[in-house]
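S.K.: In case you want the letters, here they are:
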Amino acid sequence: MGSMNVFDVAGRAMSAQMVRLNTTASNLANARTDYSSKDEAFRAMRPVFRSVVENNLATVDVDRIVKTDAEPQKRYDPSNPVADKEGYVWEAAVDETAELIDMLETARNYQNNVQVMQTAKSLILETVRNQ
Amino acid sequence: MPSLDQIFALNGGALQLRGQRLNMLASNIANASTPGYKARDLDFDLAMKQTQNGRPLDQAMNDHTGYRIPLQPSLDGNTVELSVEQTLFAENAIQYRTTLSFMQDQVSSIRRALKGE
Numbered sequence: 151m152g153s154m155n156v157f158d159v160a161g162r163a164m165s166a167q168m169v170r171l172n173t174t175a176s177n178l179a180n181a182r183t184d185y186s187s188k189d190e191a192f193r194a195m196r197p198v199f200r201s202v203v204e205n206n207l208a209t210v211d212v213d214r215i216v217k218t219d220a221e222p223q224k225r226y227d228p229s230n231p232v233a234d235k236e237g238y239v240w241e242a243a244v245d246e247t248a249e250l251i252d253m254l255e256t257a258r259n260y261q262n263n264v265q266v267m268q269t270a271k272s273l274i275l276e277t278v279r280n281q
Numbered sequence: 880m881p882s883l884d885q886i887f888a889l890n891g892g893a894l895q896l897r898g899q900r901l902n903m904l905a906s907n908i909a910n911a912s913t914p915g916y917k918a919r920d921l922d923f924d925l926a927m928k929q930t931q932n933g934r935p936l937d938q939a940m941n942d943h944t945g946y947r948i949p950l951q952p953s954l955d956g957n958t959v960e961l962s963v964e965q966t967l968f969a970e971n972a973i974q975y976r977t978t979l980s981f982m983q984d985q986v987s988s989i990r991r992a993l994k995g996e
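Protein sequences appear in the order of chains A and B. Here the first sequence stands for residues 151 to 281, numbered as in the working numbering. Here the second sequence stands for residues 880 to 996, numbered as in the working numbering.
Rather than coming from a laboratory, the hints here were simulated on the basis of the structure. Treat the hints with care, as some may be off.
[To be verified] Just some of the chain A residues that point at chain B, by a computed CB distance under 10 Å:
id	residue
1	Ala166
2	Phe199
3	Val210
4	Val266
5	Thr277
[What the hints assert, rightly or not] Listed next, the stretches of chain A that the computed footprint assigns to chain B, with coverage defined by at least 3 CB atoms under 8 Å from CB atoms of chain B:
id	region
6	156-162
7	269-275
[What the hints assert, rightly or not] A few chain A residues that don't get close to chain B, going by computed Cβ distances all over 10 Å:
id	residue
8	Asn172
9	Ala175
10	Thr183
11	Glu190
12	Arg193
13	Ile215
14	Thr218
15	Asp219
16	Ala242
17	Glu246
18	Ala248
Here the structure is a predicted model, which means the values were calculated and not measured. Even glycine gets a Cβ: it sits at the ideal position worked out from N, Cα and C.
All chains, please: the whole structure from these sequences, using the hints.
M.R.: Now the structure itself:
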């Protein structure tokens, strides 16, 4: 890999935040879905960030995406079509409040990186034009 | 008569240091939510002093780069505080622009002298 510049730093950070936003969207889409067993119940996904350092620059990549170990909740709902023999269903293990907060943080971090890029761009253009 | 390199040494060096500091602060902002990431920064004043004593720029930069001490440490070991980083980033951008305009003034005065206006 060649040398990184400030645009790579901000760009890759934005990609990482985008992956995070996608996992949040998946988690929220699957919230409040019911399953007939604990094993097949949906568990929230989370990206694991890892910084990539090169010289004086450090950007961030998504190392992997993990499933959280939150436990699906059992609910008695015999009229539900996916209920098991005893009439129980398992709800997807998604904390909607936490997901929404995570979404806000993701959006803010993304915006910050956009701002960094804009500032760096205008400084470089001013330097290159030099009257 | 001083060479052009000598004329632009001060502002040129300052501009390079400002550029490097911009990169460092951008890295901190990029890693705002990376667990365990330690924010770094360049002490511009000390690095600038060292380059004025005739030291190479890279060495001055490495000597005066340090880790940020967080105001309030977080549980995941990340020491990036966005309010701090954003303020310093904006400040550094303004200082870069200021140095750049000093340099542009130098260039235009040399140009004026050459034209004999």
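S.K.: Each hint: holds or not?
M.R.: Structure-based check of each hint:
1. With a least beta-carbon distance of about 8 Å to chain B, the hint placing A/Ala166 at the interface is held under the 10 Å criterion.
2. At its closest, the beta carbon of A/Phe199 sits 4 Å from a beta carbon of chain B; the interface hint therefore holds under the 10 Å criterion.
3. Taking 10 Å as the C-beta cut-off, the interface hint given for A/Val210 holds, the closest approach to chain B being about 5 Å.
4. A least Cβ separation of about 5 Å between A/Val266 and chain B falls short of the 10 Å threshold, and the interface hint therefore holds.
5. With a least beta-carbon distance of about 6 Å to chain B, the hint placing A/Thr277 at the interface is held under the 10 Å criterion.
6. By the rule of at least three residues with a Cβ nearer than 8 Å to a Cβ of chain B, the coverage given for the region 156-162 of chain A holds, with 4 such residues.
7. Check result for the region 269-275 of chain A against chain B: holds, 3 residues qualifying (beta carbon to beta carbon below 8 Å, three or more required).
8. Residue-level check passed: A/Asn172 sits 15 Å from the nearest beta carbon of chain B, beyond 10 Å.
9. Every C-beta of chain B lies more than 10 Å from that of A/Ala175, the closest at about 17 Å, which supports listing it as non-interface.
10. Annotated as non-interface, A/Thr183 keeps its C-beta farther than 10 Å from every C-beta of chain B; the closest such distance is 27 Å.
11. Taking the minimum C-beta to C-beta distance to chain B, about 30 Å, the non-interface status of A/Glu190 holds against the 10 Å cut.
12. Non-interface status of A/Arg193 relative to chain B is upheld: no Cβ of that chain comes within 10 Å, the nearest being about 20 Å off.
13. A cut-off of 10 Å between C-beta atoms confirms that A/Ile215 is not in contact with chain B; the least separation is 15 Å.
14. Against the 10 Å criterion, A/Thr218 stays outside the reach of chain B, whose nearest CB is about 15 Å from its own CB.
15. Consistency note on A/Asp219: stated as away from chain B, and its beta-carbon is indeed over 10 Å from all of that chain's, at 17 Å minimum.
16. The non-interface label for A/Ala242 is consistent with chain B: the shortest C-beta to C-beta separation is roughly 24 Å, beyond 10 Å.
17. The Cβ of A/Glu246 sits about 20 Å from the closest Cβ of chain B, beyond the 10 Å cut-off, so the non-interface label holds.
18. Look at A/Ala248: its CB is around 14 Å from the nearest CB on chain B, clear of 10 Å, so calling it non-interface holds up.
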